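Protein chains in written order, with UniProt numbering: chain A, 1 to 322; chain B, 1 to 322; chain C, 1 to 322; chain D, 1 to 322.
There may be inaccurate statements among the hints.
Copies of one chain are not kept apart here, so a pair can be met inside one copy or by any two copies together.
Stated by the list, open to error - Each computed EDC-like pair below joins lysine to aspartate or glutamate, with the alpha-carbon atoms no more than 16 Å apart:
#1 K30 - E195
#2 K306 - E84
#3 K291 - E212
#4 K30 - E322
#5 K269 - D310
#6 K291 - D310
#7 K291 - D136
#8 K318 - E26
Treat the hints as calculated values from the structure; they're not laboratory data.
In this text, all values refer to a predicted model and were calculated from it rather than measured experimentally.
There are 4 protein chains.
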Amino acid sequence: MSEGIAIITSGGDAAGMNPAVKCAAEYAAKHGLKPWLVYGGLNGLIQDKIVEADRLLVSGILHRGGTVLRSSRSKEFFEYSFREQAYQNLKKRGITKLLVIGGDGSFRALHQFYTDFGMPFAGIPATIDNDIAGTDYCLGVDTALNMIRESIDSIRDTATSFSRAFVIEVMGRHCGYLAMVSALASGAEICLTPEIPYNLDSIGARMKHQIENEGRDFILAIVAEGTKMGDYVTRWINDSIGMEARLTVLGHVQRGGSPTVYDRIMAYKFSVAAVESLISGQENAIMVYRKGAFGHLPISEVCDNKYEMDPSIVRLCKPLSE
Amino acid sequence: MSEGIAIITSGGDAAGMNPAVKCAAEYAAKHGLKPWLVYGGLNGLIQDKIVEADRLLVSGILHRGGTVLRSSRSKEFFEYSFREQAYQNLKKRGITKLLVIGGDGSFRALHQFYTDFGMPFAGIPATIDNDIAGTDYCLGVDTALNMIRESIDSIRDTATSFSRAFVIEVMGRHCGYLAMVSALASGAEICLTPEIPYNLDSIGARMKHQIENEGRDFILAIVAEGTKMGDYVTRWINDSIGMEARLTVLGHVQRGGSPTVYDRIMAYKFSVAAVESLISGQENAIMVYRKGAFGHLPISEVCDNKYEMDPSIVRLCKPLSE
Amino acid sequence: MSEGIAIITSGGDAAGMNPAVKCAAEYAAKHGLKPWLVYGGLNGLIQDKIVEADRLLVSGILHRGGTVLRSSRSKEFFEYSFREQAYQNLKKRGITKLLVIGGDGSFRALHQFYTDFGMPFAGIPATIDNDIAGTDYCLGVDTALNMIRESIDSIRDTATSFSRAFVIEVMGRHCGYLAMVSALASGAEICLTPEIPYNLDSIGARMKHQIENEGRDFILAIVAEGTKMGDYVTRWINDSIGMEARLTVLGHVQRGGSPTVYDRIMAYKFSVAAVESLISGQENAIMVYRKGAFGHLPISEVCDNKYEMDPSIVRLCKPLSE
Amino acid sequence: MSEGIAIITSGGDAAGMNPAVKCAAEYAAKHGLKPWLVYGGLNGLIQDKIVEADRLLVSGILHRGGTVLRSSRSKEFFEYSFREQAYQNLKKRGITKLLVIGGDGSFRALHQFYTDFGMPFAGIPATIDNDIAGTDYCLGVDTALNMIRESIDSIRDTATSFSRAFVIEVMGRHCGYLAMVSALASGAEICLTPEIPYNLDSIGARMKHQIENEGRDFILAIVAEGTKMGDYVTRWINDSIGMEARLTVLGHVQRGGSPTVYDRIMAYKFSVAAVESLISGQENAIMVYRKGAFGHLPISEVCDNKYEMDPSIVRLCKPLSE
């Protein structure tokens, strides 16, 4: 019986998880491992929802959003007894390696699992927030950005038809990446994020100047969820700038959608890197993409550090916060 | 000098306004009228933003959302002195007919204008709410529905990945048309609208039954804005049904987007009907589409009656409110 | 055991088949029939690929293009012995009624089946060509039109960037419906179809006039497959009009895509009508949509007549052929 | 009078040109240069279609495909006398720098212009073929790939509904980049490009094995335009593999479409780099993106070398050619 590898999606869902699952399963099989799929995230490990990855199960999933393996947040996995159950479920099938596609919480959980039972894993960073340390890119971000773009391009139709301001809140509890890139990509006038200090007085003066002197007759403002400024800024544009303003909270529309080409290709490359790292004997490595190349980092460097925003994006965005 | 016809978009913007403008201008020119474009809605009439509709101005607009003529809500138009100014602006250019694309508020305003100065108009109903009496269809509805569909299809990816309930609030202050059709088109389990009485107890029982007996592990609920039930239902699903629930308010994303084929073709047919009604001497007729055919109604029948919801849609939707 | 109804998709695939399958299965179950799904079209009847329609099989299919039941062209079904095998497969499961979603060829095949074994069917017209007699609409047409629209809107970007002519061939072997509606919806300058006589000389003169006098610097021409004029017109624009021209044959891109809202709702209404017609004892009725209402026709009226093109579309399109 | 910089789009149009124009104009203005727009590519320089880049001209273009500045192939620019005319047109406006967004042919033309008149330029590589030496990325590629993806995802609906093979020809006369990435991103079974030697015998054996043993019932094959194998492979699948096959030539659909977020952001970064290189006194530098970072290369390194395909893509694609 060939050695088994179990593939799990865990944490918040992100576009690109499905192509990563498909590619990891196929690449593992081609290189002598027997791939298994875990349904329902870490809970699925405990509940023994582990199925051999035959061709039909990974066929026709490449272009679908979310994760067909489903995900979950598992409280039980924090308890040793449940983890031991999970271990027995893997052991009885000859599974000796794990590949997890998810966020840093999931990586930590599997590191604990490794400490308990010595079963190594490889991690593929996937979260639309793009806030995992050590990698320039997390799976799902490009798709989320393009979903946001389509929404904003649609709102712009109304904004330009009606001389209105639209405030659009995008996801990102601690990280303004989606907000910054969306603001640039949509030509927004205002962008508020946790990372860049903003000054409403100067923003207001800039807007009024453009309205009075340059014929500006609509405003797009992008606000990161984490600033909690959506409502406030909307009222402020109404009251201080004097342009009728509306708030749209994009919500979970941002999470879905068929993965873009970029996310599908990144899924392939991340998966190949992850399977190869496991085959080569790496333990608990997190795959990272930095400066245009793939590599891996020990879990501590990923989970104990804070993500740093791309300085070139910050630099381009700064004028929108001033 | 040939007789002039001025084309105006007024009220909330809707997809399909641009193809209607283009077609009306071209069709009018072909039939001996000289077409003019009014920028900025009724305000534009007062402020004399009236431009000859040459080929370049109506070229390349067919596929764009919103209205390139821009719209507005005009308080000034309620005053006789401003209306007279508008009349002078039209008269000096030899404009003797108006074509307005908008909602019933705009029709009423132009009817007052007719009472004052005897200038006839034709109206094309355009509003994404689909709540104008006498017509089965208002321009913009199909595009709005497809924008909503894409958003819900995206949210569904997340819902099915994660065992969650999503409550989605769609536009419609007095009318549940968008909510009902979207609920059917997205296979939602729950739909709450102003028109159909709903019973949360029986809905809850139905959901629990499916969760316990049929493996249901996600819920999509569509709520019309006018019910003001978005927040309440979201908490209620959380607390009473016991499934983690999130609310998404789709907002102005619904208004924009490139017009669908249906809206482009309806725009053509409505425009042709409107120009022909003016040429044939009809005064103040509102174009309507009923039972698959175009016709027109006197303004009183449109503005003094309440829209009636398509009973076949109500019938299909009823089980989602029970 | 309750009476069974088997649902089949047959002939060329069309968007809307999946929502029709889902709705028919659910509506039949609600009204006391036991729904079955036939996989692989008429061949599936013969090969006994008939499965009970449980909730999971019709879940998550509403938004998918094509047909999850798959389709086929079956030569075997022309032979009595194979049809008898099909009959036995139905009989042993207690299936007494058939619902077929497809084109007139499929309707004829099932009518033969009825003549042989007395098993009644109801038909839902589904084909992107919109060329079935007696109904104004066939399932799948709206989605195909919107797929074409998106392709043409994309090509237009290049056409306007580069002073070029683009000839676009759309599907329709005997019927110019897709070509005509697409030409209107995309603001094309030229449209060639089997139905409307066209005159290249006058078209050429019209184009040259616009190029020389009105600044026209690109041309969009839509050609129906059935005219076989794609290549010829492309060369003709190059040589006679003197504008660099390119041909794009849209091909099977037109067939796919997530069903639009219109197709989903029509699928619902067609399915309800079909199930109700079977329950009420109608035999071999074809559901039709005419003048905004649903009804049904005896199969002879559908299969022995030629489809007539919507005259209002022909009228709007005629100037593009002159 | 501040120094002028003229912005030109030249060669085949590509998505991302519009955001590059907008950003370059705004960034130049902010840094003390006076931006001008050249309409109609190099021909526009000769014909004096040079306009001051005021806010309205670069507003509302960010999300539009193609190039609003329009492009052209200019034979006249090969002649010194026309180039001198172009130079006079620039000189009389105080324009001393050029920024060109296009391919290597355009870079060569402007290098000749520099040799003649000493006017320096900066180049931004833009072509959907991604075949310019020295840069990992050319503007427009991501949008083209996603347009292709949507078309293939649509065709897949039909392929899986009907047990068919689809051969899809994508652009790329000398370069298989679009074909390779599209094949990976769509999970194609077969990929033929100019770069990777392919073996139809072994491909045929692989397909037959999967059809007979693994239930494969459809095939997607992606073929690069440059191989000229589209027709041949389609017939070969029909005849040798025995599965009904259809060819779709995607054509100019690939060129258009609203720029993706990736192309918009790359447009920003390329533009900033280009304006900065001109300000810093660089002459005739081509902006390049390599290993995740921006830089620039002398024109000779770009125009005298052949593009090298990303080896990680080649490696992932090789199994599809065997």
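Now for the hints, and whether the structure bears them out:
1. K30 - E195: neither (44 Å within a copy, 24 Å between copies)
2. K306 - E84: neither (31 Å within a copy, 57 Å between copies)
3. K291 - E212: Classified as neither: same-chain Cα gap 43 Å, cross-chain 44 Å, threshold 16 Å.
4. K30 - E322: Answer is between; shortest inter-copy Cα gap is 15 Å, intra-copy 54 Å.
5. K269 - D310: Between. Shortest inter-copy distance 12 Å satisfies the 16 Å Cα cut-off; intra-copy 21 Å does not.
6. K291 - D310: both (11 Å within a copy, 15 Å between copies)
7. K291 - D136: both (7 Å within a copy, 12 Å between copies)
8. K318 - E26: between (44 Å within a copy, 15 Å between copies)
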